[in-house]
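Could you put the whole structure together from the sequences, leaning on the hints where they help?
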Amino acid sequence: MKIITTYTTVFLVIVATIITLMSFSQSPEKKIIGQWNELSWEYERVNKVGDTNNKEITDDVKKIIGQHLLIHEAETWQFLSNGKLLLKAGSTERLVDWKIKGRGNILQLKYDDNVIENYNLTELGSNTMILNFDSEIQARGIAKLTFEKS
Amino acid sequence: MLRKFSNSRTLEDNIKLGALTAFSGGMVNVASLLIFFSFSSNVTGHYAILASEIVKGNLYQTGIVFAWIFLFFFGSFLSNLIVIHLSKTNAYLAHSLPLILEIICLMSVGVYGQFLYMETLFETEIMLGIMLFAMGLQNGLTASISNFAVKTTHLTGTTTDLGILFSMFTKKEYRENKELKGKAKLLSVIASAYLGGAIIAGFLYFHSGFQVFYIVSIFLTIVISYDLYKIRFSRYLAFKRKNNSIKVNTNKANLKPSINLNSFTQNKQKHMQEETV
Numbered sequence: 001m002k003i004i005t006t007y008t009t010v011f012l013v014i015v016a017t018i019i020t021l022m023s024f025s026q027s028p029e030k031k032i033i034g035q036w037n038e039l040s041w042e043y044e045r046v047n048k049v050g051d052t053n054n055k056e057i058t059d060d061v062k063k064i065i066g067q068h069l070l071i072h073e074a075e076t077w078q079f080l081s082n083g084k085l086l087l088k089a090g091s092t093e094r095l096v097d098w099k100i101k102g103r104g105n106i107l108q109l110k111y112d113d114n115v116i117e118n119y120n121l122t123e124l125g126s127n128t129m130i131l132n133f134d135s136e137i138q139a140r141g142i143a144k145l146t147f148e149k150s
Numbered sequence: 001m002l003r004k005f006s007n008s009r010t011l012e013d014n015i016k017l018g019a020l021t022a023f024s025g026g027m028v029n030v031a032s033l034l035i036f037f038s039f040s041s042n043v044t045g046h047y048a049i050l051a052s053e054i055v056k057g058n059l060y061q062t063g064i065v066f067a068w069i070f071l072f073f074f075g076s077f078l079s080n081l082i083v084i085h086l087s088k089t090n091a092y093l094a095h096s097l098p099l100i101l102e103i104i105c106l107m108s109v110g111v112y113g114q115f116l117y118m119e120t121l122f123e124t125e126i127m128l129g130i131m132l133f134a135m136g137l138q139n140g141l142t143a144s145i146s147n148f149a150v151k152t153t154h155l156t157g158t159t160t161d162l163g164i165l166f167s168m169f170t171k172k173e174y175r176e177n178k179e180l181k182g183k184a185k186l187l188s189v190i191a192s193a194y195l196g197g198a199i200i201a202g203f204l205y206f207h208s209g210f211q212v213f214y215i216v217s218i219f220l221t222i223v224i225s226y227d228l229y230k231i232r233f234s235r236y237l238a239f240k241r242k243n244n245s246i247k248v249n250t251n252k253a254n255l256k257p258s259i260n261l262n263s264f265t266q267n268k269q270k271h272m273q274e275e276t277v
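In order, the protein sequence lines correspond to chains H and W.
So for the first sequence, full-length UniProt numbering puts the first residue at 1; every next one is plus one.
So for the second sequence, full-length UniProt numbering puts the first residue at 1; every next one is plus one.
Note that these hints are calculated values from the structure, not bench results.
For each residue, glycine too, the CB sits at the ideal point set by N, CA and C.
Among these hints, one or two may not hold up.
Said to hold, decoys possible - Simulated crosslink set (DSSO-like; lysine-lysine; CA at most 30 Å straight-line):
id, chain 1, residue 1, chain 2, residue 2
1, W, Lys172, W, Lys16
2, H, Lys2, W, Lys172
3, W, Lys56, H, Lys31
4, W, Lys230, H, Lys110
5, H, Lys30, W, Lys56
6, H, Lys84, W, Lys56
7, W, Lys88, W, Lys230
8, W, Lys172, W, Lys183
9, H, Lys99, W, Lys56
10, W, Lys56, H, Lys144
11, H, Lys99, H, Lys84
12, H, Lys149, W, Lys56
13, W, Lys16, W, Lys240
14, W, Lys242, W, Lys230
15, W, Lys171, W, Lys16
Said to hold, decoys possible - Now the stretches of chain W that chain H is said to cover, found in silico as 3 or more residues with beta-carbon under 8 Å:
id, region
16, 25-32
17, 116-123
Said to hold, decoys possible - Partial list, computed: chain H residues near chain W (C-beta under 8 Å):
id, residue
18, Ile14
19, Ile18
20, Leu21
21, Met22
22, Phe24
23, Ser25
24, Pro28
25, Gln78
26, Asn82
27, Lys99
28, Ile100
29, Lys101
30, Gly102
31, Arg103
32, Gly104
33, Ile106
Structure representation (structure tokens):
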């Protein structure tokens, strides 16, 4: 009987710890809602030959990225609570679907023509959001987009 | 595959169990990676992620990853709990119950994913948790009944052991050791089956989406049914043998030397008395 009580207590403590941890912070799905302005666009992995500090993209990398990404022309991203993302670039606007996957570390965008783009949601603070391209699951992407909440 | 326990298991039993469960483990892991962007069978990565989330101060993600690790642990705990407490009553039931629970978990993920999944983060987290629990159940069962020889949801230990074994095989004395050769064979089968399952799941996912979990469940059902068939078949054979046998009278004459000796003595005495008279 004593052993059952001990095991039950330990399991309950673990469950309570998990619930407490989660209740102290907001889900990334709620945190992301709002308008985000693009601050910077830099590359963390460059097509380097010699200069490792150079974050300027080469034509080769641009070409590769251009094949896979469609949304990077937008300057403002407005995440709506109904699962829609309004991308604004000057006077043009585009509406796409957004989802958060994994443990809240993947931002998935879906276009009307069923094109899907995945981004690593590297950081999601109350004012800053950092996205990395190329959704290699256990590696950081090659390019970094930094946003500020407005 | 499931009836025998620990040291009474043969290499063949372990190979069959290892191949089928590793195949399903590989399928589940890749399916979860493609659908949910997170692994569901190898926990080592989750420990690393847990540490990084703690460092970043992301409490929500810390809680989620901790819950996933705990669910894998709890699956293994429950699996072995069933095995050690029910084995004496019914070994087959004790060994197949964790797999039945695993099938229920995977089927529920498949059905929910196919018909109800709205792709919210909460649903993703819950379904990943269920899959980690299912993988814990499977790994706990295979490790428990095979005396820790078969572990089929991750390949870190398997790859390490294979590396060690193949380095040992550079010496003739180890090359000729049947036990080591058997172990290498078992581990190679597990690694190949896991990889095979992962590749097939990758292809299947693009055609059938969540239905891939039904296929995994079919594989696990084969594991359970195989032993059930074996049990029924051996019972049938035993029954047939009993019916077809020629009846031989095995009743031995009930000789009781003491009684016979007594009666002999009594008869002899009686005879002597008569003679005397």
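- Message: Please list, smallest to largest, the hint numbers that this structure does not respect.
- Response: 2, 4, 16, 25, 26
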